[in-house]
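> Here the sequence shown stands for residues 585 to 744, numbered as in my numbering.
If you are wondering where the hints come from, they were derived from the structure by calculation, not from laboratory data.
For every residue, glycine included, the Cβ atom is placed at its ideal position computed from N, Cα and C.
Incorrect hints may appear among the rest.
[Stated by the list, open to error] List of simulated lysine to any residue pairs, SDA-like, C-alpha gap at most 25 Å:
hint, residue 1, residue 2
1, 691, 713
2, 605, 678
3, 653, 628
4, 597, 694
5, 610, 675
6, 692, 681
7, 653, 640
8, 597, 640
[Claimed, not checked] Have a look at the derived ranges for each label pair, beta carbon to beta carbon:
hint, residue 1, residue 2, range
9, 686, 608, 26 to 32 Å
10, 654, 587, 16 to 22 Å
11, 654, 585, 30 to 36 Å
12, 639, 597, 18 to 24 Å
13, 693, 612, 36 to 42 Å
14, 588, 657, 23 to 29 Å
15, 601, 622, 18 to 24 Å
16, 683, 654, 20 to 26 Å
17, 657, 614, 30 to 36 Å
18, 615, 709, 29 to 35 Å
19, 651, 708, 19 to 25 Å
20, 597, 723, 28 to 34 Å
21, 595, 615, 15 to 21 Å
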Amino acid sequence: METLRTFIAIDVKVEPTLKKKWEELKILLCNDSIKWVNEQTIHLTLSFLGDTPICQIEDITQQLELNLKKTSTFRITLNGFGFFGKSSSPKVIWVGISESQHISQLKKIVNSTLSTLGFDDSQGKFSPHITLGRVKQLKSSIELVTISTRTNQRLYKMPK
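Turn these sequences into a full structure, and let the hints guide you.
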């Protein structure tokens with residue numbers, strides 16, 4: 585059975601403030617091996633399904649479109665940079681997103697829809713974030729930890 589690595593996500597527009605901070609981060613970490621996410625593919629993942637049979641993708645899409653058709657665009661608040669993994673060997677660099685009623689509601693609708701389609705919705709605690717890069721090798725994690733601590737503040741609000 586042919587499968588496709590699948591996730592449910594919201595497209596995010598990269599505003600100038602985030603773009604500037606992201607570029608500064610790239611410069612500070614330019615000597616490290618990091619695969620930066622393409623700006624055109626930036627998104628907020630609501631649910632990761634993993635390897636999903638291709639024959640199920642159309643049904644998932646149709647059900648989500650039906651259940652989410654009354655939702656509209658909304659603003660998100662970004663909360664500084666961080667990373668997943670140990671500080672000595674981080675794996676993912678991200679920018680955090682403040683929990684919002686809109687995101688929580690979307691997550692509930694997505695989970696409910698996927699549950700009715702037979703998917704397990706117990707993925708652990710939901711930590712809304714936007715992945716900026718995946719660390720292949722970091723020469724010094726001190727710089728990343730410093731950046732994470734220094735920028736742990738509100739960056740800007742995304743427009744509708």
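> If a hint holds in the structure, say so; if it does not, say that too.
Each hint, compared with the structure:
1. Between the alpha carbons of residue 691 and residue 713 the distance comes to roughly 13 Å, so the proposed pair stays at or under 25 Å and holds.
2. With a C-alpha separation of about 12 Å, the suggested pairing of residue 605 with residue 678 holds against the 25 Å cut-off.
3. Of the pairs offered as hints, the one joining residue 653 and residue 628 holds, with about 18 Å between alpha carbons and a cut-off of 25 Å not exceeded.
4. In summary, the hint linking residue 597 to residue 694 is supported, as the alpha carbons are separated by about 21 Å, within the 25 Å threshold.
5. For the hint pairing residue 610 with residue 675, the CA-to-CA distance comes to about 15 Å; that is within 25 Å, so the pair holds.
6. Distance check on the hinted pair: residue 692 and residue 681 sit about 17 Å apart at the alpha-carbon level, within 25 Å; holds.
7. About 20 Å separates the Cα atoms of residue 653 and residue 640, which keeps this hinted pair within 25 Å; it holds.
8. Under the criterion of a C-alpha separation no larger than 25 Å, the hint pairing residue 597 with residue 640 is inconsistent with the structure, at around 29 Å.
9. Between residue 686 and residue 608, the C-beta spacing of about 28 Å keeps the proposed range 26 to 32 Å intact.
10. The hinted window of 16 to 22 Å between residue 654 and residue 587 is violated, with their beta carbons roughly 31 Å apart.
11. Here the CB-CB span from residue 654 to residue 585 is close to 34 Å, well matched to the stated 30 to 36 Å.
12. Between residue 639 and residue 597 the Cβ separation comes to about 33 Å, which falls outside the hinted range of 18 to 24 Å.
13. Against the hinted window of 36 to 42 Å, the Cβ-Cβ separation of residue 693 and residue 612 comes to about 38 Å, which satisfies the hint.
14. In this structure the supplied range 23 to 29 Å holds for residue 588 paired with residue 657, their Cβ-Cβ distance being about 27 Å.
15. Between residue 601 and residue 622 the C-beta distance comes to about 19 Å, which sits within the given range of 18 to 24 Å.
16. At about 21 Å, the beta-carbon gap between residue 683 and residue 654 stays in the expected band of 20 to 26 Å.
17. Checked against the given bound of 30 to 36 Å, the beta carbons of residue 657 and residue 614, roughly 34 Å apart, stay inside it.
18. The beta-carbon spacing between residue 615 and residue 709, approximately 33 Å, falls within the hinted interval of 29 to 35 Å.
19. Checked against the hint of 19 to 25 Å, the C-beta distance between residue 651 and residue 708 comes to roughly 23 Å, which is consistent with it.
20. Distance hint check: the CB atoms of residue 597 and residue 723 are about 32 Å apart, consistent with the given range 28 to 34 Å.
21. For residue 595 paired with residue 615, a C-beta distance near 31 Å fails the hint of 15 to 21 Å.
Checked against the numbered hints listed earlier, the structure breaks hints 8, 10, 12, 21; every other hint is satisfied.
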